[in-house]
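> Chains L and D: place on chain Y using the hints.
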Amino acid sequence: MTGANAPLLEVRHLRVEFPTRRGTLVAVDDVSFDLAPGEVLGVVGESGAGKSLTGAAIIGLLEPPGRIAAGEIRLEGERIDNLPYEKMRRIRGAKIGAIFQDPLTSLNPLYGIGRQLIETIQTHLPLSAQAARARAIELLKEVGIPGAETRIDHYPHQFSGGMRQRVVIALALCANPRLIVADEPTTALDVSIQAQIIALLKKLCREHRTAVMLVTHDMGVIAETADRVAVMYAGRLAEIGPVRDVVKNAAHPYTRGLMGSIPSIGERGHRLTQIEGSMPRLTEIPKGCAFNPRCPDRGDRCTRERPELMPAPTTQAACWQYDPAGVGTKARETVDA
Amino acid sequence: MPEAVPVTRPVPQAASGPLVRLNSLKRYFDVSPPWLARVLEGKPRAIVQAVDGVDIEIARGETFSLVGESGCGKSTVARLVVGLYPATQGGIEFDGMDMSVRRGSADNSAIRRRMQMIFQDPYASLNPRWRVFDIIAEPIRAFGLAASKDEIKQRVDGLLRQVRLTPADGAKFPHEFSGGQRQRISIARALASRPEFLVCDEPTSALDVSVQAQILNLMMELQRDYGLTYLFISHNLAVVYHISTRVGVMYLGRLVEVAATDTLFRRPRHPYTRMLLDTIPDLEMTGRRRMPVAGEVPSPINPPTGCAFHPRCPFANDRCKKERPELLAAEGTRVACHAVEEGRLPAEERSYAGH
Amino acid sequence: MAFVDLMRRAADSDIWYSFKSSHVVVVATVVTLFIFAMAFLAPILAPHTPFDPATLSLSDALKPPVLTGEDGADWAFPLGTDEQGRDVLSSIMYGTRLSLVVGILATIFSMVLGIALGLISGYVGGGVDAFIMRLADVQLTFPALLVALLIDGVVRGLISVQRHDEIALYVIIGAIGLSFWVQYARTVRGSVLVEKSKEYVQAARVIGLSPVLIMIRHVLPNVMGPVLVIATINIGLAVLTEATLSFLGVGLPSTQPSLGTLIRLGQEVLLSGTWWIVIFPGVTLAILVVAVNLMGDWLRDALNPKLR
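Chains as they are written, first to last, in the working numbering: chain Y, 1325 to 1661; chain L, -13 to 341; chain D, 3 to 310.
Derived SDA-like pairs (lysine to any residue); straight-line CA-CA distance at most 25 angstroms:
id, chain 1, residue 1, chain 2, residue 2
1, D, K200, Y, T1511
2, D, K198, L, D107
3, D, K198, L, W21
4, D, K198, L, A73
5, Y, K1572, L, S191
Hints in this document: simulated from the structure, not taken from any laboratory.
Next comes chain Y alone, as it looks inside the complex (with noise of 0.2 angstroms):
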């Protein structure tokens, strides 16, 4: 299991379920990928997709009643997703590193930067108290805080919106983690700081091998940071591959709905490609392909079955058009036109 090449986060089969009077909603519903270290893989989706919940799982963070249902979750080889409560509070500063949409939300707001870092790295090292203040003073530096020796003793509603976001990620950072989990990092933020955060993302994960799972719907953010893309509909993976073929090749009718509808600089005025309709609620996922109802390239198996992930020119699509035992869909040739 522990190869050179073994994958630091391996997700298989997951299933998040929240029981609610009216039934059991599923959802997350059978969710398979791997993560290699250092690399970053950006899950995408429309709100309700199951994205977010799919990074709550995996950090053991799931608001109660919802739940794993079913499925494994390795970190390292080592199951993390059946282990109580404490045990998990520990891999979680200790391994896994969690990023939020809000960095209000994850700062006390009655206490200084400076005492939430040292005590998150006091958690996790055996540090004395002037070490890991020198640690944290290290880590404000190196997300980019400056004036960080005097910055430390100030209190989260003193810094702005993009210096609180460089705050949290040096939280999420002090025990060296090897896993981050950013859930919507850039969404509460400008765009001219967007940018900052997410060039800071990358320099941190190359100089610290670490592993980035970035949870956004915002395409031009995993465009630019992702080395590959999980594209989520309905709780379920549409398609995964590498960000590139992704983006400009997708396999998956939804994927390419979803690239043609962000309008881009260069071409104005036209129509967007719309995909008509919109996601179904958890409580009306359609029988087969949830996509069918809303798919060009609709056909009688799309109603019936479920795709599962198959081997696509590029990438890895749930689509039954590239069903290896060729009983695809109406219209294989649209795929490559």
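The following block gives chains L and D in isolation, referenced to the frame of chain Y:
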């Protein structure tokens, strides 16, 4: 069968002059601490100059967009235009009429009918306790635009169809719809009074991209069919590029550059505009890096002296720190920058993938 | 058709589900409905008309309750009689009716007053807001009972005892109502401040609706949830306040006795061993208030999405 009701006359009657004109519009907000705190703790009064002198003319049938980062005052301009805030100084003219006429007068009501607003958050912009039918019918009733219940019903059904919903949806409540569908309902409500001018405050920024495409397409169709004029507020440059005729870039309450869309994106003049364009994600994977620009938008309570952008500007000199640049005409655009005016900063051609 | 639709929506709603799955609140509701029915149907259901002197006979005085099995117990007077031969059960039914009338009307009065002041305060803001809220602060420094005593005292000073007995009902409703408005006003003001900034209110302003219409059509329906919770709990509190005032002798006169009056009258003879005259009204009052409060607590939790 009720026909889809035309929203407005496709050809405006008085085609001369701009439809909307903002004359050195200013809006200050008093964000001082409470009186007691000022007296006891000696805290000073604090004034935010949210909009500090904005001149814009919007022609009939065009889409004028305002872009900028949060806190630049673009949403305040939108709210000033539709009369949600009174202006601190300056004025707004609509079709040659001064908007500052007394609230509640007949003229005012007539102008209000002709301009409507679409809001950002589709979850907050519809009253959760009203049925969709009543939400859309409200402007019709408020302006007395229909003589009978049947006529209201006919109008609302027509509006629902226009935004690609069905008349049966009128009986439902907002929570039964997705974000994109709610935004369609908002658009139907905005169209209900047959306006000529729509102010759209980040209408797609709360939506997913595929839904955003639906809404942008719908807005462009409506504009084409009914000759609508849009004031479009957004921070998303790609969206702005896609939909606008002209674009104004705002920074800390002031316009820094106004130009036709193609000109602005291909020959940006102001350093801030260039910086904003650098932040557009490179979806075409040309290997272009986003240029992270140092610094953040300063507090609008204590804006920098001189040109507000000078602390972040690589071309700033002493004059920029002291003297505030005016918005001056420069090769068909208007730019507020000393460096451009002095010729220190030559125009720069940009090309984009896909061309 | 519309009604069937409404019932179907109600039966499918989260509130109904939450109601069904809470046994405590189901019991509390049944008990409350039972007490309400007994009280408001008193003229039909009560075996006697205890406050019509013509029907009273001193020979029926001080009969013990049937269940004690003591001498003189009489099925005509299941809970016994008082020293004037009045049937305790009938007195309780009529008394509860009066207590509930006072509680409900006082609650409505304070609710209307509080909502109006809260709406004005929240929407107008500025000096008006500051004035109303400081008034509320001052009001809160006095216990509700003290405010009610004060108002009752002032009224007594102004009019004769004879007149006072006639209008005692209205005085006490007004007194209790005036002492309970603060909570509504504060809650409504807070909600108005939140709703006012929402975009649907701005949309209504864009089409030029007047502030009063916006308040009534848009804001008020969206702030009624918490108000109804407070109202439910306050019915219990108002009944209790009325009982306290009546017990202290400043409430309803003994010619129109409420539960509180009954307890006051009963405790005067308690030491002579006739416990039933005071215990039964007391227990009724306690059960009523507890049941109503349980409903209020449940409603508060059911309407609070954070606790779901």
